[in-house]
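Enquirer: For the record, in the sequence shown the residue sitting at position 157 is 157 according to the UniProt record's numbering, with numbers rising by one throughout.
No wet-lab data here; the hints were simulated from the structure. Each hint should be verified, as a subset may be incorrect.
Taking CB as the label site, the calculated pair distances span [to be verified]:
1) ALA27 x THR204: 28 to 34 Å
2) ALA224 x TRP23: 41 to 47 Å
3) HIS56 x LEU76: 27 to 33 Å
4) ARG84 x LEU24: 38 to 44 Å
Below, computed lysine-lysine pairings styled on BS3-like, alpha-carbon distance capped at 25 Å [said to hold, decoys possible]:
5) LYS135 x LYS89
6) LYS135 x LYS148
7) LYS135 x LYS145
8) LYS89 x LYS148
9) LYS145 x LYS89
10) LYS94 x LYS148
None of the values given here were measured: they were computed from a predicted structure. The beta carbon of each residue, even a glycine, is placed where N, CA and C say it ideally should be.
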Amino acid sequence: MRVRTGLACARGLFLWWYAVETWLLLAIFGIVLLAFFTESVVGFGATVITVSFGAHLVPLDVLLPAFVPLSAMLSLVLVTRHWRQVDLKFLLQKVALPVGLGTLLGMGLFRVLDSAALLTTFAGFVLLMSGRELKRIWARAEAAKPLKTWLGRTLLGAGGIVHGMFGSGGPMIVYVLGREMTEKGRFRATLSALWLVLNATLVTGYLLDGTLNPVTIELSTTMAPALFFGILLGERVHGAIDESTFKTATWLILFFGAAALFLRAL
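Model the full assembly from the supplied sequences, consistent with the hints where possible.
Expert: Here it is as structure tokens:
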């Protein structure tokens, strides 16, 4: 009798564990599918969405090493398909230096600063900026002009610092590029080229510190189909929407992504 009771309990625990693990994997799959779809449409947002929602289910030191290699593959696909639209001159002359230095600085600051306070400040700033742009669009005001050179480079550097610390400095960078580039294809392709370089750097770091391991690779394999479907759906939607809708969607994603980061950091 005790043996049967023990077997029944063991079977119940196994079924419960299996159900929880299945639900967890499905939830993660849904989050990264939304992330890859969003970035395929507008050129950014995958990491912010994944960090904001996925970190509630999986520790970041497991989630990011599993996710970033797939994100790099997404960027590679978009750059390969749309390389003619990449504004390489703009990247090299205006973006590479401040973002690169900021990323290196952020990787060092991560070990000495209060990361939660910095992330809260960053998210709050992006909330204000994106909210301002949405207000301007809905009021049908004059199109926003490019930022002054010193301000644009300062914000790009700040975005690099946050990217080095959290892997999600995109909102600040997108804010600057969104005021410089009005054509959606050029905007998406140029951002994808930048993410490809930054994510390749992060993947190299994961390899060197051992966080890209059998556990994270297994999770990457589970998420991989979401990459395929995200690109397939995102490419279709990108070609179908007009420039005005594209701009509105860009700032909305920034706004809600920053809101999620802000709430998570509190």
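Enquirer: Hint by hint, which ones does this structure get wrong, listed from lowest number up?
Expert: 2, 5
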